[in-house]
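Undergrad: Now for the letters of each chain:
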Amino acid sequence: MVDARTSQAKARPTSPHLQIYRPMLTMMMSIVHRVTGGALYFGTLLLVWWLIAAAAGPNAYAGVQWFMETVVGRLILFGYTWALIHHMLGGIRHLIWDTGYGLGPVEREWLTVATIVGSIFWTVVLWLVGYLVMGGIR
Amino acid sequence: MSNHKSLRTPLGRVRHLGAARSGTKHFWHQRLTSVALIPLSIAAILLVVSLLGRNHAAVVQILGSSPVAIVMLLFVITAVYHMWLGMQTIIEDYVHEELPKVATLMANTFFSFAVGLAAVFAILKLSFGL
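In the order they appear, the protein sequences are chains A and B.
Here the first sequence is numbered in the numbering used here, starting from 1 and rising by one per residue.
Here the second sequence is numbered in the numbering used here, starting from 1 and rising by one per residue.
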């Protein structure tokens with residue numbers, strides 16, 4: 001007990017924080033995974049607004065539709081789609097890592113690049129499909 | 001007698017589920033919901049994209065149909081539980097002072113339940129056509 005108290009008073013060695021390390025792709029993507037997760041957390045408000053407006057009636061729904069068609073609304077929707085796809089691909093990468101595979105120096109870099117490229121690719125494809133094929137987004 | 005020696009057997013300690021009394025439940029549920037969310041969020045994205053340009057009557061009809069409503073309910077409930085767990089981890093990583101930590105953890109729970117319930121209510125209302 002006495003030992004514990006005296007050692008608490010001493011300056012304990014602290015773990016080096018982020019600024020100590022050279023920025024690496026895997027590290028940046030770990031941060032982006034967390035940031036997109038946080039953004040999606042608050043992005044659920046948009047989904048709830050849309051659902052409640054649809055349930056409330058044509059007038060409330062017209063308000064949401066108007067907002068989604070503005071440039072800001074479009075950018076938010078585009079960003080939301082990208083964040084969701086990026087977080088999903090990042091999550092799949094983490095699930096692969098959870099099994100113990102893909103942690104080697106080459107594989108982990110490859111998986112990380114695949115997350116960025118894949119998220120941008122699928123976001124653009126989804127919006128192109130939305131615009132052209134489905135005619136869903138005017 | 002030093003602190004690390006305990007009369008408890010390893011099994012006895014495991015049964016108490018560690019310091020947080022929850023064992024690996026948080027970790028496991030985060031993984032479980034993440035696997036479930038792969039197909040569910042793909043379905044939800046496609047659905048939302050295909051509905052965005054349509055008028056209110058069409059949106060109500062499609063969102064209110066049983067298969068779509070069930071998929072949306074599964075998506076919303078799983079996603080909200082997943083984000084509740086995720087935000088808890090973020091808070092525990094960055095908020096160290098006891099009072100702000102408890103307050104933000106509570107706010108996380110309130111926000112998640114409010115968002116989840118509002119979404120579920122709206123989907124059910126669309127389905128039952130009230």
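Incorrect hints may appear among the rest.
Chain A stretches covered by chain B per the calculated footprint, using a threshold of three residues with CB under 8 Å from any CB of chain B [to be verified]:
(1) 45–58
(2) 88–100
Sample of chain A residues at the chain B side, in silico, Cβ under 10 Å [stated by the list, open to error]:
(3) Ala11
(4) Pro13
(5) Gly37
(6) Tyr41
(7) Phe42
(8) Gln65
(9) Trp66
(10) Glu69
(11) Leu75
(12) Leu77
(13) Gly79
(14) Thr81
(15) Leu84
(16) Ile85
(17) Trp127
It should be emphasised that the hints constitute simulated quantities derived from the structure, not laboratory data.
Glycine included, every Cβ here is placed at the ideal spot set by N, Cα and C.
Undergrad: The structure should be examined with respect to each hint, and the outcome stated for every one.
TA: Comparing the hints with the structure gives:
1. 45–58: holds (count 10)
2. 88–100: The restraint on the region 88–100 of chain A holds, since 6 of its residues have a Cβ under 8 Å from chain B and three suffice.
3. Ala11: With Cβ-Cβ at 17 Å, over 10 Å, it is violated.
4. Pro13: At 18 Å from the nearest chain B Cβ, proline 13(A) fails the 10 Å test, so the hint is violated.
5. Gly37: holds, 5 Å
6. Tyr41: holds, 5 Å
7. Phe42: holds, 9 Å
8. Gln65: Since chain B brings a Cβ to about 8 Å from glutamine 65(A), closer than 10 Å, the hint holds.
9. Trp66: violated, 12 Å
10. Glu69: At 9 Å from the nearest chain B Cβ, glutamate 69(A) passes the 10 Å test, so the hint holds.
11. Leu75: Violated. Min distance 14 Å.
12. Leu77: Check passed: Cβ of leucine 77(A) comes within 8 Å of chain B, closer than 10 Å.
13. Gly79: violated, 14 Å
14. Thr81: Constraint on threonine 81(A) satisfied, holds at 7 Å.
15. Leu84: holds, 6 Å
16. Ile85: holds, 8 Å
17. Trp127: holds, 8 Å
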